[in-house]
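Q: So the sequences go chain by chain: A and B. With our numbering, letter number 70 in the first sequence gets 70, and the count goes up by one each step, no holes. With our numbering, letter number 126 in the second sequence gets 126, and the count goes up by one each step, no holes.
Keep in mind that the hints were calculated from the coordinates and are not lab data. Every residue gets a Cβ at the ideal spot worked out from N, C-alpha and C, and that includes glycine. There may be inaccurate statements among the hints.
Stated by the list, open to error - Going by beta-carbon spacing under 7 angstroms, a handful of chain B positions derived as facing chain A:
1) Ala8
2) Met15
3) Pro16
4) Ile166
5) Ala170
6) Lys195
7) Ala226
8) Pro228
Chain by chain, the residues run as shown.
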Amino acid sequence: MIQKIVTKEELYKLLDSFLQDFEAIGPKELANRGIFYEIIKNAQDLYLGDDFTTEPVKKLFLSPSEWLFKCQYKDSKNSLEEIVLTKTKRIIIGVRPCEARGLELLDKVYNSEYKDESYVNNRNRTVIIGLSCANPDRNCFCTSMGGSNVESRGTDAILFATEGSPERSRGDKDGKFILEIITDKGKEILGSIGRELSEEEKKHWQQDKEKRKDLVKTKIKVPEDLDKIFEDPYWEQVSKSCLSCGICTYLCPTCHCFDLVDEERKRLRCYDGCAFVDFTLQASGENPRPTKKERYRQRVFHKFDYFKKKFGENLCVGCGRCIRYCPVKIDISEIVDKASI
Amino acid sequence: MIIGYQRASDGVLAMPCFVEREEDVDKLIWDVYCVYNLSNYLKDFPGKKIGIIAKPCDVKSIVVLLQENQLRRENVYIIGVECAGVIDEKRLRLGAKDIQESATFGAKCKSCKSSTPSICDRLFEDKEKKGKISEDKDEYESVRKLEAKSALERLKFWEEEFSRCIRCYACRQVCPMCYCPKCVADQTMPAWFSKGANLKGNLSWNLIRAIHLGGRCIDCGECERACPVGIPLGELNKKIEKDIKELFKYEAGANVEQKPLLASFDKDDPGDWIK
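Just need the whole structure built from these sequences, with the hints factored in.
A: In structure tokens:
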């Protein structure tokens, strides 16, 4: 790993020089709307402050809706046409450590035993430049989920604002970043800028980095075995205010359920979520998860039980989006924490 | 059971509270963070007698539910609260730097005409909050601004907004008026518009949602508040509300005795558009 110190100007200048050959995507603030991953035309448009993007980086790998193939009926013949996948190389900058970890978890589903063409293609054509969180908010609980705000797992390089500012949204106030280059891809892209840290600085930085983990204040206990309380009335209690909308699943960096729909002689794969009433509705009219209780319990169990049993890790990275954006403030961290008593 | 508000896990905001046991009554709170329109939960308990804490605006949606026979008056015990406005939770979420700064009221509060619920079984008065809170601002100011644009400009504006829609249907789920047993968006045989989060499907969905609320939306602002990608859905609702007021002199949720707009007609209704 290479550790460097870079100025914002250096970084932006380098990014601007890439814009011709690469697609560059990063967080951009839309006034009164939120922060969104958008194609960046000018590095100055980047938002590298404290607040998170509304939608996680997942959507750039697993599209909210994408065409899988087209059918045609011409001259009394059926034909099937594949959708051509774009090979354009791209850099995504400003990816949070939790989102990058989320991608590694998605890899277990879409890029291991089964290889999803579109997902793998998106993974292969992307360089990920992370951004550590200098001011995690009260909904963040990444350190309880086996990650942290300073972790580099899943990134090719990662930026750290040098001084965590007490004021929110100004994490990059003094215009300098510590840059850690993790992979060869990252070195190729960012190797040329900044100066390397001295041995003394490295030691100091290591300590500072450890300390930054304490900024994540919310700590929860993740239950070892939820199975025991599957039938507990607890699930009915905690799900009562759930509206059965798709915010928590669609904004989750790790939720990956989808629906297949045929439209206009094309097959569409689009997001679907376990909170929806129709998610498990069968053609017979039977619905195995008829009430909020079964549906909310499914979300918790998929994340904190089933996935762990199958893949060895929990399917939650503690980014807090589902809490931040829940229209009725259902807090999964609190619910999981209390479930372990 | 009583539906009210309790403190959320962050210690600041509120969340819905369902009180079924006497000892849970202590959980109930009432302050500026109680933004939710709880009448949305009434449909979860059909036929059951429910007590509900309701702000003046929330009461309007109860009125619409009563008008539309979705609720029996004897099955709902309305605990009205006087209200001088609740926080703009959307702005708070969008990174207002501290809670105080964000404690400015939402758009619906700024044009609110009454701090006292129109109907209720029990009223909690608040002397301090009594009185109009409306800043006497033109409540259709931003609608008029949009109307002044050309059709193409408007299309561009809404296409940009709807292109962000992720089809999470939070706008529908949070709406007390959205109670169709099978929403048009969920139908598959036939599918009326694209299920995908593409512009075509998003445009259809958002316009159908708004139009289906014509004459029924009481501007509680929940859809816009819930929308995670910040689509100004309130503008659409307000535009339809304004048109209906001008054309039919009808205001949703104002009078429980009145027939719902779409269930009534008058020989003097404007009919120029029928050719």
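Q: Are the hints correct? Go through all of them and say.
A: Right, here's what the structure says about each hint:
1. Ala8: 4 angstroms, holds
2. Met15: 4 angstroms, holds
3. Pro16: 4 angstroms, holds
4. Ile166: Constraint on B:Ile166 satisfied, holds at 5 angstroms.
5. Ala170: OK, holds: B:Ala170 within 7 angstroms of chain A, min 4 angstroms.
6. Lys195: 5 angstroms, holds
7. Ala226: 4 angstroms, holds
8. Pro228: Since chain A brings a Cβ to about 5 angstroms from B:Pro228, closer than 7 angstroms, the hint holds.
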